[in-house]
Amino acid sequence: MSSQNKFTTWKDRFQNTQNDYFQIGFECPEVRRAEFFNLREMDKKEFKKILEFPADGMMLNDLYPEAHIDRAELMEADFSAYQKHPIITDFFFNKIERNGYDAIMSITPIHHASDDEQRNYLSAAYECLSANGLLVVGEVFSGSKVAKFLDQFVNEFSINGHRGNYPNLSFKDEFEAAGFHDVEAKVMSCPWVFQDEDQMMIFVTKLLGLKAISRDFLLCNLKKWLGVFEDDNKFYLDWELMYFKGVK
983 MSSQNKFTTW KDRFQNTQND YFQIGFECPE VRRAEFFNLR EMDKKEFKKI
1033 LEFPADGMML NDLYPEAHID RAELMEADFS AYQKHPIITD FFFNKIERNG
1083 YDAIMSITPI HHASDDEQRN YLSAAYECLS ANGLLVVGEV FSGSKVAKFL
1133 DQFVNEFSIN GHRGNYPNLS FKDEFEAAGF HDVEAKVMSC PWVFQDEDQM
1183 MIFVTKLLGL KAISRDFLLC NLKKWLGVFE DDNKFYLDWE LMYFKGVK
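Going by the numbering used here, the sequence shown opens with residue 983, and the numbers climb by one from there.
Treat the hints as calculated values from the structure; they're not laboratory data. Be a bit skeptical, because a hint or two may be false.
[To be verified] Lysine-lysine pairs mimicking DSBU-like chemistry, simulated, CA-CA at most 30 Å apart:
no., residue 1, residue 2
1, Lys1193, Lys1168
2, Lys1077, Lys1066
3, Lys1130, Lys1193
4, Lys1066, Lys1188
5, Lys1077, Lys1227
6, Lys1026, Lys1066
7, Lys1154, Lys1030
8, Lys988, Lys1026
9, Lys1227, Lys1127
10, Lys1227, Lys1154
11, Lys988, Lys1227
12, Lys1216, Lys1127
13, Lys1206, Lys1127
14, Lys1154, Lys993
15, Lys993, Lys1216
16, Lys1127, Lys1154
17, Lys1206, Lys1130
18, Lys1031, Lys1127
19, Lys1127, Lys1066
20, Lys988, Lys1206
21, Lys1031, Lys988
22, Lys1216, Lys1168
[What the hints assert, rightly or not] Here are the computed distance ranges between Cβ atoms for each label pair:
no., residue 1, residue 2, range
23, Gln1177, Gln1134, 26 to 32 Å
24, Asp1164, Lys1193, 42 to 48 Å
25, Lys1205, Glu1012, 18 to 24 Å
26, Ala1113, Asn1001, 35 to 41 Å
27, Lys1031, Lys1127, 34 to 40 Å
Cβ atoms here follow ideal geometry from the backbone N, Cα and C, with glycine treated the same way.
Construct all of the structure, not just a fragment, from the sequences and the given hints.
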């Protein structure tokens, strides 16, 4: 957390690109499966009622098939692929039920938020959880190769730019300040998996809102910043997040 450095707000990051982001996520849900699998790895309990924020496809339904899952988002987009329209909210979780969820699951929810907005998010999540409820967050973390890739390459070659306000290990202290106990944090690998090179090029371009750049240039930079390897006729893009867990 360091809002003293300018970051790209959520609104600016997704302006005119949010539909591509959601569309490619629905078309290729298996690509980022490991990110969601790691949420479950942080705590393997079953849950009856889950809030996903931000809304990010249907992968949680595969991991928790018996759970009721609500979804929330910060801005409107084409959500027609969802059976139920996500709740449009803010970092205070307005319009979201208090004391109503066994778990809140979040993939990259706050690196386009200010320090105060990140604290508001944690406090609001705490309020929306029932007793002994669980908040699990997977985020890009400060100083990581993913953060450098996003803030340098993606910032230069995307339509809207990208500068993040990334947490580090001290974000555990913010969890505790919001009231959570048994707080844990660890870095976990979650490579993106593609059926072929074409899928990788299309997915990365749409998800990250990239400008029209050559295929060779993009592939060269994915290898340079992140690492790409091929195994069993699949392509893997090296990716990692820091996962945080706290109990109400």
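Take a quick look at whether Lys1154 and Lys1030 sit within 30 Å of each other, Cα to Cα.
-> holds (26 Å)
Hinted pair Lys1206 and Lys1130, Cα distance within 30 Å | holds (11 Å)
Mind checking the alpha carbons of Lys1206 and Lys1127 for me, to see if they're no more than 30 Å apart?
-> The given pair, whose Cα atoms are some 10 Å apart, holds under the 30 Å limit.
Is the distance from the Cβ of Gln1177 to the Cβ of Gln1134 consistent with 26 to 32 Å?
-> holds (28 Å)
Proposed proximity, Lys1206 with Lys988 (alpha carbon, max 30 Å) = holds (25 Å)
Are Lys993 and Lys1216 close enough, with their CA atoms no more than 30 Å apart?
-> violated (34 Å)
Below or equal to 30 Å on CA atoms is what counts here, so check Lys1193 against Lys1168.
-> Distance ~33 Å between Lys1193 and Lys1168 Cα, so the pair is violated.
Restraint status (C-alpha distance of Lys988 to Lys1026 at most 30 Å) | The given pair, whose Cα atoms are some 37 Å apart, is violated under the 30 Å limit.
Under the criterion that the straight-line Cα-Cα distance not exceed 30 Å, is the pair Lys1130, Lys1193 satisfied?
-> holds (18 Å)
Could you tell me whether the CB distance from Lys1031 to Lys1127 stays inside 34 to 40 Å?
-> Given about 36 Å between the Cβ atoms, the range holds.
Is the Cα-Cα distance between Lys1216 and Lys1168 30 Å or less?
-> holds (27 Å)
Within a Cα-Cα threshold of 30 Å, do Lys988 and Lys1227 meet the stated pairing?
-> holds (27 Å)
This entry does not satisfy hints 1, 8, 15, 18, 19, 21, going by the numbered hints stated previously.
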